[in-house]
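Undergrad: Spelled out, the chains give:
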Amino acid sequence: MAELDTSGGGHKKGPGVKKQVKKSTRVDLTPMVDLGFLLITFFVFTTTMSQATAMNMNEPKDSKDEQIKVKESGAMTILLGKSDQVYYYFGQLDPAKLSEQFKSTNFKDIRGIITEKKNNTPEGDLMYVIKSDDESTFKNAIDILDEMTISGVKPGHYAEDKMSGTEQQLIKQTELANGIH
Amino acid sequence: MTAMCDVAFLLLSFFILATKQKPPEVLSVQTPNSVSSKVAPDKAIVITLTKDGRTFLMLGDDTKKADILADINKTKALGLTDADMQRWKKQQFIGVPLGQIKAVLEGNKELSPATLPGIPTDTTNNEMIDWVKSITNVYAGTDQKELEKMLLIKGDNNALYPSFRQIKDAFKKNEIYKFRIVTNGEAPPAGSELAKSIAAGTGGDENNK
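Going line by line, the protein sequences match chains A and B. Quick note on my numbering: the first sequence kicks off at 598 and runs consecutively. Quick note on my numbering: the second sequence kicks off at 4 and runs consecutively.
Excised from the complex, chain A in its bound form (with noise of 0.2 angstroms):
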């Protein structure tokens, strides 16, 4: 690589010319390529892959004398509470067996429970409500959005809704006795 000729012509030759000492002019790469190598490195890790996306929300449009009819056999409701927790309940919420229907559950099993709704239940019929609570935060609401689309849940048979009083009540209920805070 990097070398020059030092020899100095090389004419003189013979008795009485000092013999010139060749100094060699190879430099030592080493360091250099330890550099690189080291910048790479951090070029490497800390190029992130991940880009944003868009995901698409549509939003129902708001008429009251439209409202959606859904079979209670086919319903599952999903309530948003704060502190990540998740709630659920089949059908109809009866007064005289809250206790057994509400249930409470995280974003991890929720997968779990919603393909299994899904699985058992005629296509048609299928619907799933889902209700934030005002604890509840915004990435809650899009996290449960994915659910459905990785579950592949059809667009129309899911949407938001308000929640109620008795519902919210649950929620309270719920967390005062699991001690979320």
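Everything labelled a hint here was simulated from the structure, so no lab data went into it. Since the model is a prediction, treat every value here as computed from it, not as a measurement. Check the hints yourself; a few may be wrong.
To be verified - Below, a list of computed lysine-lysine pairs in the DSS-like style, where the Cα atoms sit at most 25 angstroms apart:
#1 K714(A) to K199(B)
#2 K658(A) to K181(B)
#3 K759(A) to K176(B)
#4 K666(A) to K171(B)
#5 K751(A) to K175(B)
#6 K54(B) to K769(A)
#7 K751(A) to K41(B)
Claimed, not checked - Facing chain B, according to a computed beta carbon distance under 7 angstroms, are these residues of chain A, among others:
#8 T650
#9 A651
#10 K736
#11 I747
By construction, the Cβ of each residue, glycine as well, lies at the ideal position given by its N, Cα and C atoms.
For chain A, the structure is supplied; the task is to place chain B on it using the hints.
TA: Quick look at chain B alone, frame taken from chain A:
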């Protein structure tokens, strides 16, 4: 040695050049993850929702920013002069209540989003409705689908749900029912229905069509 050195520096230059330098984000927002695979457009209309529940509006380069600002100045009778408007156009974020805009612009200070109060989105005073109205006014002649593609909500993981609902309400009040959420792309979890249908080649991701 020489060959290795060459390869090392080739890689080095590749990574330096390939790294897209992100402009430092003034508002730090940690977006949630989703399995969506569509790339979010860069210069759209972005409504940012911060961790502490403040709302900001950012009108990107490709939008009719000047027209939107002029429209809201007219419809809400803000009484801004041409000089004010010039100054307003230069602001990257809109994050002050409509009532305070004149005072803020006349103060002529460099405003950092960290200290701005954000656009009020209370149930009683949801100024986002006015903003979305101005946006729809300006885009009235164009294809509704084009506008829907440009409307992005970028929310922080820890933002509370009610502030998100207020933004959705602002859209709905202006008869916009489709918009998009900025998320971090991730692969569908293994073994899920979505992963199976993608593997089977049936697309599966209905939401992304």
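Undergrad: Against this structure, judge whether each hint is valid.
TA: Each hint tested on the structure:
1. K714(A) to K199(B): 18 angstroms, holds
2. K658(A) to K181(B): 10 angstroms, holds
3. K759(A) to K176(B): 17 angstroms, holds
4. K666(A) to K171(B): It holds: about 24 angstroms lies between the C-alpha atoms, which stays within 25 angstroms.
5. K751(A) to K175(B): Distance ~22 angstroms between K751(A) and K175(B) Cα, so the pair holds.
6. K54(B) to K769(A): Within the cut-off at roughly 24 angstroms; holds.
7. K751(A) to K41(B): Roughly 18 angstroms between the alpha carbons, so the hint for K751(A) and K41(B) holds.
8. T650: 4 angstroms, holds
9. A651: With Cβ-Cβ at 4 angstroms, under 7 angstroms, it holds.
10. K736: It holds, given that the least Cβ distance between K736(A) and chain B is near 4 angstroms, below 7 angstroms.
11. I747: 5 angstroms, holds
Of the numbered hints given earlier, the model fails none.
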